[in-house]
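Student: Listed below are the residues making up each chain.
Protein chains: 2
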Amino acid sequence: MPQGQPVSVPDDGLTTRQRRNRPLLMVHTGIGKGKSTAAFGLALRAWNQGWPVGVFQFVKSAKWKVGEENALKVLGASGEGGSVVWHKMGEGWSWVQRDQQLDNEAAAREGWEQVKRDLAAETHRLYVLDEFAYPMHWGWVDTDEVVEVLRDRPGSQHVVITGRNAPASLLDAADLVTDMSKVKHPMDAGQKGQRGIEW
Amino acid sequence: MPQGQPVSVPDDGLTTRQRRNRPLLMVHTGIGKGKSTAAFGLALRAWNQGWPVGVFQFVKSAKWKVGEENALKVLGASGEGGSVVWHKMGEGWSWVQRDQQLDNEAAAREGWEQVKRDLAAETHRLYVLDEFAYPMHWGWVDTDEVVEVLRDRPGSQHVVITGRNAPASLLDAADLVTDMSKVKHPMDAGQKGQRGIEW
Chain A
1 MPQGQPVSVP DDGLTTRQRR NRPLLMVHTG IGKGKSTAAF GLALRAWNQG
51 WPVGVFQFVK SAKWKVGEEN ALKVLGASGE GGSVVWHKMG EGWSWVQRDQ
101 QLDNEAAARE GWEQVKRDLA AETHRLYVLD EFAYPMHWGW VDTDEVVEVL
151 RDRPGSQHVV ITGRNAPASL LDAADLVTDM SKVKHPMDAG QKGQRGIEW
Chain B
1 MPQGQPVSVP DDGLTTRQRR NRPLLMVHTG IGKGKSTAAF GLALRAWNQG
51 WPVGVFQFVK SAKWKVGEEN ALKVLGASGE GGSVVWHKMG EGWSWVQRDQ
101 QLDNEAAARE GWEQVKRDLA AETHRLYVLD EFAYPMHWGW VDTDEVVEVL
151 RDRPGSQHVV ITGRNAPASL LDAADLVTDM SKVKHPMDAG QKGQRGIEW
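The listed protein sequences correspond, in order, to chains A and B.
The C-terminal position of the first sequence is numbered 199 in the UniProt record's numbering, with every residue numbered one higher than the one before it.
The C-terminal position of the second sequence is numbered 199 in the UniProt record's numbering, with every residue numbered one higher than the one before it.
Just chain A, with the same shape it has in the complex (with noise of 0.2 angstroms):
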């Protein structure tokens, strides 16, 4: 919930409620629990205004099944809110051909690549990058061509990308820049992620 004012209204010719609906690029990285859980928070909200919610999951694995994706499917088909489409690298992004055999890299490319075709038909209005942090990091993508498509994207599209090690340039050109810090975690006392809690 935003707290206070803001503590300077800039002289950019907006109007406040054009100031306030412009499309945010947001991120939450560190190395804390809660950026995706947060993120996908934020797509309830998302859901809830009846915007088309796009979500790509950068994960490496088809192991990881996140409670998410069957919450948002079911809120996605019920009709009430926006609509949800759920693309997964993990079993092989659903409009790559399966005799393809992409390995990691080429799987990560072939994710932006669709994020892009979608950014320019405008066919969400929020899309969570999940974990696509991690493939700028290793330069599987490229940073700048990233950053370059986002600032320039058409329309009202607001995006999150959640991951460790989120570039510098990346959090230049966000709006909203969350570091998830740990200041405790389950694990240090020997406690291993238990379902419904880490997915």
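Derived list of chain A stretches under chain B, where covered just means 3 residues or more per stretch with a C-beta under 8 angstroms from a C-beta of chain B:
#1 15–24
#2 38–49
#3 70–83
#4 175–182
#5 191–199
In case anyone wonders, no lab produced these hints; they're calculated from the structure.
Here a beta-carbon is modelled for each residue, glycine too, at the ideal position from N, C-alpha and C.
Following the hints, position chain B against chain A.
Tutor: Positioned in the frame of chain A, the structure of chain B alone reads:
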């Protein structure tokens, strides 16, 4: 998503499975965005496990009808996951009679009394105590009592508490603490909160 392995395995007489499934007390604090959204993202995972979820919104105003409320109610009613019960202080807790006219302090305490009753009865498996750090910080609810009740709660009940200025003794008692640190927020650039993003 959990990264890696525990750094040490405690000599607590528990099996890995027992330790893994210990109920957690989680706190999302700090001045950055994402404390509540991450808590509601967690609720999606709990719902997906079929767990009963109880939400207690400790907010002062009834103005805020957050998107998460609609979304979780649709999910709870879908019959596909767990149940969802949503309690809201802003409109007056539903179990409190309208003619009681509680002030904010009394209302916060009344919310906590209900949390205690539900914990004792093991009503839910995940409790989202949204913005509950504030009444503790303000001294409206006794933090020592909260810590004691949460430490001694029966069964397998996970609790997540959000809000700035979470008291130190709560953090000490917690299994997981994330500080949502603000790196950048649109309000710093004179942009007010917008629907779909902030609520």
